[in-house]
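Q: As a plain string of letters, each chain reads:
Number of protein chains: 2
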Amino acid sequence: MNLDQRRTKSLVSFFLHTFIAIFAIGTCSIATAADPLASWNEGPARKAILEFVTAVTDKNGKDYVAPAERIATFDNDGTLWVEYPMYTQVLFAFERVKELAPQHPEWKTKQPFKALLEGDMKTVGASGMKGLMEIVLATHSGMTATEFAQEAGDWLRDTQHPKFKRPYVEAIYQPQLELLDYLRANGFKTFIVSGGGIAFMRPITQEAYGIPPEQVVGSSVVSEFQVKDGKPVLVRMPKIDFINDKAGKPVGIYEHIGGQPILAFGNSDSDMQMIEYTMGGEGRRLGLFVHHTDAEREFAYDRKSHVGTLDKALDQAAANGWVIVDMKKDWKAVFPAR
Amino acid sequence: MNLDQRRTKSLVSFFLHTFIAIFAIGTCSIATAADPLASWNEGPARKAILEFVTAVTDKNGKDYVAPAERIATFDNDGTLWVEYPMYTQVLFAFERVKELAPQHPEWKTKQPFKALLEGDMKTVGASGMKGLMEIVLATHSGMTATEFAQEAGDWLRDTQHPKFKRPYVEAIYQPQLELLDYLRANGFKTFIVSGGGIAFMRPITQEAYGIPPEQVVGSSVVSEFQVKDGKPVLVRMPKIDFINDKAGKPVGIYEHIGGQPILAFGNSDSDMQMIEYTMGGEGRRLGLFVHHTDAEREFAYDRKSHVGTLDKALDQAAANGWVIVDMKKDWKAVFPAR
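Order-wise, the sequence lines are chains A and B.
The C-terminal residue of the first sequence carries number 338 in this note's numbering, and the numbering is unbroken.
The C-terminal residue of the second sequence carries number 1338 in this note's numbering, and the numbering is unbroken.
In case anyone wonders, no lab produced these hints; they're calculated from the structure.
Even glycine gets a Cβ: it sits at the ideal position worked out from N, Cα and C.
Some hints could be false.
As the list claims (entries may be wrong) - If you only want the chain A side, here are some residues facing chain B, beta carbon under 8 Å, derived:
#	residue
1	Asn41
2	Pro44
3	Arg157
4	Gln206
5	Pro212
6	Val216
7	Ser223
8	Phe225
9	Val235
10	Ala247
11	Val251
12	Glu255
13	His256
14	Gly258
15	Gly259
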């Protein structure tokens, strides 16, 4: 071989090996890839998800959706984390009242704080949504954004769910973690769209779900820019800014995301408008509800429940093409292994 | 060579070539990479940007910032696109009044609509912020979210800036496009944080700046979820929801992004609170203002201007370590080549 021939041979060899290397890496990752939805049992829910994702990512298919428009929105309470027997954020607010009580002597005589401090939950319950809002506002305002994020994050990491003996930040559903990963691996952007407080969830959504703070939509209090001791801060005010629930969910989606989701996942009648809005767009769409049917591994509740009421959505699911995910039947595991 | 030796040799060769291939690709891209800030002249602004990005991305340096916290926020009017001699969105509103006039016979006798339709801009101006808000609300509400996005996007693509003879969507600053790309290439997330309407900007931010709709923060009107002719839609209401300007900018950042930016770029006194909030965080930060000093290639205006007033920020820049970007001196080109 002369020099040119050697160079050519060397180049051919180089490209061949590079090609093989790339091909091998590609093949390996496909051949050895575990089932992306390993905790989803075979059944109509798993099938609907796989078919939907395959359809919208097939460049040559009629249902193809460009990556920028692959928006998936998930409710949080009861859809990504446990909400039963009481919404996590309400428990947080109740515990904060006890912690803050020494600084609020007036609570000893003011309802519903008095009842809460005395453990009289019947009176707290009787104070209704108005009483609950007072408790939430009193415990979620008056501090800076940074202070509240620290409090909420610490509490979610340090407080255990009584039934599952794991911190709230880990009382989250393994099949949904797999679904979020699977969607992102297929070019989706994943968002939380929850009735819960945006600032309550954000401190842990990245570590829990792989969802960054800016992809979390939720209810909020008014905040104010102030300079405190020479330091510019945001102070949380005792006033509701926005309730991101029911018909508020599509509004929150418009405000925060701009685009219309092509997949939405909820678990209660409060998610119906989000699912309707999602399904109402052009092209192929997927709307799903978690149905809590598993009294043993988690909880069983639906139509008559005081949290996560799932009633009208159950009735309307079949007619609207909504997928009802039966926790007991469809989920092989409920929580991540510890 | 026996079989094992051949296998070993083959494997070594395989890995060696693969390594060379990867190394070659890496080296090529570094060796041939053009200056990422090609339209920025040598000078203090360019130097400050390069030093800042190098510092916060150096894993072994004291100023290192994890990618998740590399948040950069940019004002839009006068910072990313032209705002002179009149904010683009105000021009859009004025033109919409003329288009919509046939459907609003009452405007013939109602100020400031009457004056606007008669071309009496002095009276329009005298109606002040209140009059302007009436015009904006009348032209930005009453339609669905999808309809408004179509109108705004079409107008921005089809309407020419009178001085630059290019559509508004291209009356954007080349050095800033390079900076946005450079930041993203260094793991930053780039956001728009503008006093302008969130729904007015979003239809074009991806094509103009590579910024997706969910990374745009702006002022908004109230919207409502409705079902119209069996179709779920969001309807824009004639009521201001939020003004994302001045002290509203840090609030908008908290609400939409959650985290505190480490770099913020504005051009007027209305951006001071955003820059203060950014600079007030822990660790290394960078705050910048475009100073419009280029009457020939763009416009020259600052302290006395009716749009994009830059006055207090100029006075306070040196003491606060804010970088003033002198358009005439610091920018080699102003607009993208067409």
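Q: Hint by hint, where does the structure go against what was stated? Just the numbers, ascending.
A: 1, 2, 3, 9
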